[in-house]
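*Asks:* So the sequence lines, in the order shown, correspond to chains A and B.
Residue numbers for the first sequence follow the numbering used here, so the first one is 1 and each next one is one higher.
Residue numbers for the second sequence follow the numbering used here, so the first one is 1001 and each next one is one higher.
Note that these hints are calculated values from the structure, not bench results.
Heads up, the beta-carbon is just placed ideally off N, CA and C, and yes, glycines get one too.
Any given hint could turn out to be false.
[Unchecked claim] If you want the footprint, here are the derived chain B segments under chain A, 3+ residues with CB under 8 Å:
1. 1032 to 1042
2. 1082 to 1091
[What the hints assert, rightly or not] With a straight-line Cα cutoff of 27 Å, these simulated DSS-like cross-link-like pairs (lysine-lysine) come out:
3. B:LYS1136 <-> B:LYS1015
4. B:LYS1056 <-> A:LYS104
5. B:LYS1038 <-> A:LYS131
6. A:LYS101 <-> B:LYS1015
7. B:LYS1038 <-> B:LYS1026
8. B:LYS1026 <-> B:LYS1015
9. A:LYS19 <-> A:LYS131
10. A:LYS20 <-> A:LYS131
11. B:LYS1026 <-> A:LYS101
[What the hints assert, rightly or not] Away from chain B, derived, C-beta distances all over 12 Å, residues of chain A:
12. ARG5
13. PRO54
14. GLU84
15. PRO100
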Amino acid sequence: MDEIRPFTIESFYSFVTEKKLMGAKCNNCGRTSLPPRPMCTACRSTDLAWQELPKQGTLLTYTVIHVAPDRFSDSTPYAVGIVEMKENARLPGAIRSIDPKDLKIGMQLTVAFDQEMVVEKWPQWPRYYFKP
Amino acid sequence: MVAVKNHHHGCMNPKAHMQKEVSLEKAMASRVIAWPLKLYDCSLITDGASCLILTKPELAKTYTDSPVHIIGSGQASDTIGLYERDVYTTLNVGRLAAAEAYSMAGVSPADIDTAEVHDCFTIAEIVAYEDLGFCKPGAGGQFIEEGQSHIGGEVAVCTSGGLKAKGHPVGATGTAQAYEIYLQLTGQAGKRQVADAEVGLTHNVGGLGATGVVNVYKRD
């Protein structure tokens, strides 16, 4: 068995390279932290376990960015939303492969993973995004 | 409508960054920044400074003939991660800090004559009406449509022009709000003076609503 990876955002991205969406499930109160935190944000327990999350979730809210930071200015307009993967486990991210005009709160979206490495110092991991 | 109001108030504040009226038509026709927010929904990036002299009541009169009293103060914090919040139509920190400040001050929202709220975006001012109890949850839009947050309305909100028109020099914004309430409660607000202002409030938010402070002030 692998050594348990620390419950950090860095570990979350290392799982993303394996095309896995992993949260930290609290063994004390059962709440899932996504992205993971070293301590449960609900009950402060540090008794945690990795839990793979479903790749499909529900769009809770979104915006469409028209004025972007330089790095993303070639992609405007692009949508960013918050997706609920399971109860209390929500993830923010870009939404692609759909015209932003067709987005609707409550629609089902699937997590997908970038193939390319991100050319930043950290995290040097592929990004995830959402698509219909 | 929040932008129209705050630009109008800013025109009466000689220290406002933006002293220019904007029509509803122009605000609505402005370019999209982050849908549904348009250019005139966004506050300004401003350079500025502000300061206050805080002292005990017994010493206040050695500094000024017209002190203003802080009669209630509340502070609250929340997770910075929007995805960790259960609701997106309210800021928990605004509601919690307001409850604490009202309780300490022994006043209710109906007692507030004028308020400076954190209108970083126009929607944030509408949410603030609701979080501060000026109207019921969901009724913030109606509150501005009825002119209740204009000077002469139920509670005059952002008479300085707010972050929207007075400007948002981030580090100075909170004390600048207190400065405006000081002017109002001491009758020094000039053209934008709220008649007989007795009780004022400031509502300042930071870090996407991760922290919030509400203070209630009373004239001497």
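*Asks:* Each hint needs a verdict: does it hold in this structure or not?
*Replies:* Results of checking the hints against the structure:
no., hint, in the structure
1, 1032 to 1042, "holds (count 6)"
2, 1082 to 1091, "holds (count 4)"
3, B:LYS1136 <-> B:LYS1015, "violated (33 Å)"
4, B:LYS1056 <-> A:LYS104, "violated (54 Å)"
5, B:LYS1038 <-> A:LYS131, "holds (26 Å)"
6, A:LYS101 <-> B:LYS1015, "violated (41 Å)"
7, B:LYS1038 <-> B:LYS1026, "holds (11 Å)"
8, B:LYS1026 <-> B:LYS1015, "holds (24 Å)"
9, A:LYS19 <-> A:LYS131, "holds (15 Å)"
10, A:LYS20 <-> A:LYS131, "holds (16 Å)"
11, B:LYS1026 <-> A:LYS101, "holds (23 Å)"
12, ARG5, "holds (21 Å)"
13, PRO54, "holds (16 Å)"
14, GLU84, "violated (9 Å)"
15, PRO100, "violated (7 Å)"
The structure fails hints 3, 4, 6, 14, 15 (numbered hints given earlier, in ascending order).
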